[in-house]
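Protein chains in written order, with this note's numbering: chain A, 1 to 355; chain B, 356 to 710; chain C, 711 to 1020; chain D, 1021 to 1285; chain E, 1286 to 1572.
Bear in mind the hints are in silico, worked out from the structure with no lab data behind them. Note that CB positions come from ideal geometry on N, CA and C, so glycine has one too. One or more hints might be untrue.
As the list claims (entries may be wrong) - In silico contact screen, one side only, chain E against chain B (beta carbon under 7 Å); selected entries:
# : residue
1 : 1427
2 : 1476
3 : 1477
4 : 1483
Stated by the list, open to error - Partial pick of chain D residues on the chain A-facing surface, computed with a CB cut under 7 Å:
#  : residue
5  : 1025
6  : 1026
7  : 1027
8  : 1056
9  : 1189
10 : 1201
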Amino acid sequence: MGQISVRDITKVWGAFDALKHIDLDVREGEFLSILGPSGCGKSTLLRIIAGLEAPTSGQIHIAGRDVTRDPVWKRRIGLVFQNFALWPHLTVFRNVSMGLELRRLKKDEIRRRVLEALRMVQLEPLAERLPSQLSGGQQQRVALARAIVLKPDVLLLDEPLSALDKNLRQDMQVELKTLQQTLGLTTVFVTHDQEEALSLSDRVVVMDRGAIGQVDVPEAIYNRPASEYVARFVGEAFLFRGIVSGSGARPMLRLPDGTSVPVEGERLQTGREAVAFVRPEWVELEPYDVHSHTGAPRGVIDRLMFFGQTSDYLVRVADRQLRVKRRPDGPALSPGNDVALICKARVLAAQVDAA
Amino acid sequence: MGQISVRDITKVWGAFDALKHIDLDVREGEFLSILGPSGCGKSTLLRIIAGLEAPTSGQIHIAGRDVTRDPVWKRRIGLVFQNFALWPHLTVFRNVSMGLELRRLKKDEIRRRVLEALRMVQLEPLAERLPSQLSGGQQQRVALARAIVLKPDVLLLDEPLSALDKNLRQDMQVELKTLQQTLGLTTVFVTHDQEEALSLSDRVVVMDRGAIGQVDVPEAIYNRPASEYVARFVGEAFLFRGIVSGSGARPMLRLPDGTSVPVEGERLQTGREAVAFVRPEWVELEPYDVHSHTGAPRGVIDRLMFFGQTSDYLVRVADRQLRVKRRPDGPALSPGNDVALICKARVLAAQVDAA
Amino acid sequence: TKELVVAAFGGAYTDAIKKNVATFEKENGVTVTFVPASGADGLAKAMAREVDVIHADMAWAYRGEAQGAFEKLDPAIVTNLSTLYPKARFSDYGVVTNFGQYGIAYNPKEVSPAPTSWLDLWDPQYAGAVTTAGFDAANIELLVLMAKLNGGSEDNIDPGFAKMAELGKQITVFYSQHPQLLDLFRNGEVVMARWLRGRVDWARKQGVELGFAVPKEGAIGLVSTVHVVKDRPNKELAMKFVNYLLSETSQKTYASDLGYTPARAGLDLTGIDVPYGEDVVGSLLIADWKKIVPQMDAWKERWEKEVVAR
Amino acid sequence: MHKTILGTTLWYLGTLAFYVFLLAPLAILVAVSFNPVAMVFPPQGFTLAWYGTILEKPDFLHAAFASTLLGVMTAVICTGFGVLAAIGLRRYDGPLKGPITSLLMAPLFIPAVIVALALFQILFMMGILNNIWTLVAAHVVVTIPYPVRNVMAQLEGFEGSLEEAALSVGATPRQALLRVTLPLLKASIIPSLIITFVLSWNNYTVSVFLASKDWVTLPLQLRAYLQYEYQPFVAAMSTMLIIASVVLLVLVDRTVGLGAMRKRG
Amino acid sequence: MKRPATILLLPSVTILGAFFVLPLIWILILSFLGSSPTGEVVGEFTLGNYARFLTDSYYLTDLLWRTIRLAAVATLFSVLVGYVGALLIVRADPAAQRWMILLVMLPLWVNLVVRTLALMVVLGRTGPLNQLLVGLGIADRPLQLLYNETAVVIGMIQVAVPFVVMAIYGVLQSIPRQLEHAAMTVGATPLAAFRRVTLPLSVPGILAGSVLAFGINIESFVVPILLGGGRVRFMSVAAYETATVSNNLPFAATIGIILLVVAMALLGLYQWAVRSAGRAAPALQAG
Ligand SMILES: Nc1ncnc2c1ncn2[C@@H]1O[C@H](COP(=O)(O)OP(=O)(O)OP(=O)(O)O)[C@@H](O)[C@H]1O
Ligand SMILES: Nc1ncnc2c1ncn2[C@@H]1O[C@H](COP(=O)(O)OP(=O)(O)OP(=O)(O)O)[C@@H](O)[C@H]1O
Ligand SMILES: [Mg+2]
Ligand SMILES: [Mg+2]
């Protein structure tokens, strides 16, 4: 009932191309996240799917029907607006119940469903408040409740949890995911929280300045990014550019400064230029030791940042900075210390192809 | 120039106590973060410090002067509003320049400083846009630029980075921190991103329904939470309630189900009831083995969630769920597997005192 | 039952002619509805055949007649026609129901000796404290009078305007509402004004002491006419209504309730302080409106330019 | 927000000055209505007698009734049409936008009496006079600029996403209009209703030509009355109207609300 | 979204078409026709009416120019006073707001003639205002406040202010206070915050208010007659009297048409000026 096809969608604002020939299929019942830097066109895409914005060109199909010319209210979608767009003149309850009232459900039924939705977002006690009497996070949850109470075929969520603290956010993630799975809702979820995207989604879209960078399952996005851009954007990546050397069992990438890092990847060809990346958690830092670490990339600890679960070390390597997560139980390292970077890098597939 | 004293501040909305006798000192040049669940009164506190809301009772001192009755514009504070509050009729440039214009700076000077601020938030190319032509994250950055361009003595930031993607957010964090340190700005930073709070701040305040739960340096907040509430709110905590047994070198907490966990903590008294907590990253999961793991808490893997840098395992222990972060290089664990929880718990200081 | 729609001036005037209408209604099995309309709107309603009887003044009476809005009065029905003063016989198409007297109202404390002539309004002694209304019927009469006094006539109005222009220079405010003039007298801003006798009596009742002088040239006549509208279903009843207005009782009411001089001769008005009689009616200044009406547009413009403008 | 004592004092003084300026004539009227003798201020005594005389003037009561009915019809139709037009103009983007806007404003700038006369003649030629609907329509025409302009002004600052939000929960544009847009435009719609009502209620120039005998309105009666009389009765009647309007406005406030929701902060 | 827009415009355009445009066309035709001495319209084309108006300095200066001048001055003050009033109301606490609005609308219920007569009492030589002025020693004897252009302007302001308040109130009310607060956090005094944020954002209200006030003032009728002491000539009075006293309908129509054209032209000019002067312009068109 709810698969969405985005066909060659382009959106131009004046001289600015907000979306460039976007093609995307969201499968029925799928939970698809959109990740992308600020201003890359995520909200615009969502608004076009919802029918709130007319695309400059291209088509939108929902459930197999071309809905490009259909008005919003016929598309049976639920939408959480990035800026909430709560109705200031209506109480929390009425904000949520509006959609049900429009469907002419019975009073009891409406009441039951609204309270259920409010319970889900933990706002039941505030049902009679006006939006102006709510905190930012509370407003956002009302917006969420307003969309989900309808149990629409398609749920479009534009950063619906951005104003929530971690615990509440996790609760909401679980609730959302449960709802989505039990009802089989096709869900498009815009977020800037990568962990959220990677952990909740069936597939993730990474957008780049109005275009799609990669669409794949979370694991592939993270471990096999299609491009330098995706590698850098999702998680943290430290990139090496060099020449593949020492092929076979232990391929290495020789860096311009003479050091080498072990790499892995498909179709590595000795002598070819390649780009490889490491994730901070793939890297071990060891106090630099001339003897055992010869040839390994070397860095200096710039700064130590405390993060709770792990500590982050900002390590200066050549003239770049690498942020390495490290559990605080290894050997003590302080700013100024020389360290060796022990890691295996991964060659970017796309880069190899391109070479 | 910028220390802030919050003295016994109370704010009541009708019958609802939004803030209850808040006492707080922000030292000069300090970066203080406020963490707390949605609706706990963070924004209200900030708005009271800024002078936008009158407290029901209590005083605010800035730089030693009682400013409780002072109007906003005399307080020399910069504020980023949670909902941005950009001026819709002014371009990005003019939104940012307004404060400088009011100080009657020279045109050149204004231009230079505005462009500098816009560069900092990476919006220089959009200077001539109107707020309505910006994406959510772009708007938020304008709000940030508007506050920092003034280099005020006191900077109050209400979730200023919530709409930004991770990379941009990190950039902004670095910029903010640098600015704060070079200028010695007293900064109060409301966020719901704990990592952000813990890594950026000199001290962190954890709020709980209108009251302060704990104020301390990040490390203490994380490792020595003052209460169950703080332990649970910051980071993830799995709590055990039991009787202290086996004192001396290897104190243990005997749980109601007969198993025991090793604990540490000050002033442990055998035979007393205590509450201890573990952080997910303190826990190792091992495939359960009757022989080696006798007595250790036991759980079942419920679900595996992929998160990028680490994988999260949802482990069911008794009837609670524990979310354990685990780097994907240990022994393979799948949903359904029995696991032993290998960890050392920490007794909550407050809990011991209370006992 | 049948309905007769009568357009009248409204207010106290309508109240007065309404006073005895119940008997008329009963006798003729009709209900009479009064609507406040006169002048342009009255004639418009007549042209649109929305009313059966309309009231008018000289100017509108002539215009209506010229535009063929009225029915000829049938003396067989309007039997009271024969009882009227000749001056009241406007034309075949209408009849005057009552007259009023415009004279000079003055504040006896300030104005002495009492005015005796219209020309006393021009007395430089009272410059700035005299007033008259705008371009209304009475001022047109005054204009014509001045023309005549200075060798002109309805056909040669220039001398009139020259004289009126002099008056205009001495006037601070042209009043437009009776209450306004009352206040002007009360505040002492005006000591002498061209006003209507009935209004002066009213002003005295409001506590303002005023004298009223009938100038030696004669009082300017206020004229109310009544007409039967053409092509309305109840023509005969309308005629009967006109006859009713001219009946003895109705005519007395004009005097007793409005302070107007009845158009009917031979009434016994003892106890009513209203000038009445052949000589009173005969001496009223009433110009030849047949000549005036076609010139009104031009005169109005001249009035504004020459009398009002400074 | 904190307020300084000086600021607050100035504020109250300003408010006082504003209302004194606006309401001074009404105060005079109310005071005079108790004056036993004449329309003189200050009053020289006290009587309620003039209020009694209102009941003795059936013409006025009837006219007041007609005016009320006419005013209500005009207000409802005119505000209704005007609000729709304002919203339509905001959405409409075609070449006729300018001309239509001008058309909707034009009745403000031509003496109504001329329009009424012309309309009268046209209706007369078409033989459809004597009709309450033509009177209402004429009133609507001369008052429509008010709701259109007021609502257009408020719409310019209107948050479009609120309407979009309604569409996204399945409201048709009509429902979105009814449930979101209109309630949010209350701050200009309610005043428009009241303004169009009083404009119609006080209209003389249009009614004088277009009101049939059954719809003789209060301004017509009053104007005729003022030709002859000017007694505290007029003041008493005005005072009654003031009181009635207060009662009415309070009722309106209780039912639909005049005040406004405030945004936080 | 084009279709719904036309539907929304349909009722008002229809009613205006039938009851305004049609008469307007008739008025336009009339203005090119002559008039017989007794007031019948003469069916032959003439430019005489326009010639009569446009070649006569009485009509051009004393009538048209005065009307526009006084209406413009009165509009300026009405908008000033009305803006202040609307602001006072919007900034009052919500419970007081409704009463304040109610009070603003009170005068509208009283017949304009009656209200103006009462205003004449206020301004009269022995009226309360003069008593106050003399009592406070501001004037040593009662001033002549009535029967001049100033009095007319004061009267017009009195009439127009409630309408201006209503027009601006709706707009001010929907400007979030927070935008002003944001200005204060960057150091704006309340006055500066008002000038830089609220004022430009309320331009639509100011425009609406001035359009309505100008419309009301330029069509002023009762006020100039009564407060002007018969000396302050006004277009609508002239139109009215030309129709109802002189009974020259074509010329009255001409006056009407000239007023309409001049007023609309001025208005267009004014709106254009305000929009391009205020930096507000682009903001108001966006979105
Ligand atoms: N006008 C009001 N009337 C009643 N309660 C209010 C009002 N404004 C705020 N509150 C309540 O005060 C509490 C504190 O609000 P505040 O905005 O300070 O929360 P917050 O900590 O900033 O939350 P968030 O993280 O969601 O932004 C909330 O529970 C909110 O519901
Ligand atoms: N009306 C407009 N005129 C010009 N450009 C616009 C307009 N609206 C949006 N844009 C631009 O289009 C781009 C895409 O905007 P969009 O809101 O889709 O971004 P986004 O991906 O949702 O960003 P964010 O994460 O910051 O919300 C942005 O760069 C924005 O500046
Ligand atoms: Mg967005
Ligand atoms: Mg908040």
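Notebook entry, point to check: Is the shortest C-beta separation between residue 1201 of chain D and chain A less than 7 Å?
Noted result: 10 Å, violated
Next item on the list: Mind checking the CB of residue 1025 of chain D against every CB in chain A and telling me if the closest is under 7 Å?
Entry: 28 Å, violated
Note to self: So, as I understand it, the hint says residue 1483 of chain E touches chain B; can you test that by seeing if any CB pair is closer than 7 Å?
What the structure shows: Violated - the Cβ of residue 1483 of chain E stays beyond 7 Å from chain B, reaching only about 10 Å at its closest.
Next item on the list: Go through the hint on residue 1027 of chain D and say holds or violated, using the shortest Cβ distance to chain A against 7 Å.
Entry: Given a least distance of 25 Å, the restraint on residue 1027 of chain D is violated.
Notebook entry, point to check: With 7 Å as the cut and Cβ atoms as the points, is residue 1477 of chain E at the interface with chain B?
Noted result: 6 Å, holds
Notebook entry, point to check: Can we keep the residue 1189 of chain D interface hint, with Cβ of chain A closer than 7 Å?
Noted result: 3 Å, holds
Checklist line | chain A contact restraint for residue 1056 of chain D - C-beta distance below 7 Å | finding: 50 Å, violated
Checklist line | Supplied contact hint for residue 1427 of chain E, tested at 7 Å Cβ to chain B | finding: With a minimum Cβ separation of about 44 Å from chain B (threshold 7 Å), the hint on residue 1427 of chain E is violated.
Item checked: Satisfaction of the residue 1476 of chain E interface hint, Cβ to chain B closer than 7 Å -> 10 Å, violated
Notebook entry, point to check: Does the nearest C-beta of chain A fall within a distance shorter than 7 Å of the C-beta of residue 1026 of chain D?
Noted result: 30 Å, violated
In this structure, the earlier hints numbered 1, 2, 4, 5, 6, 7, 8, 10 are contradicted, and the remaining ones agree with it.
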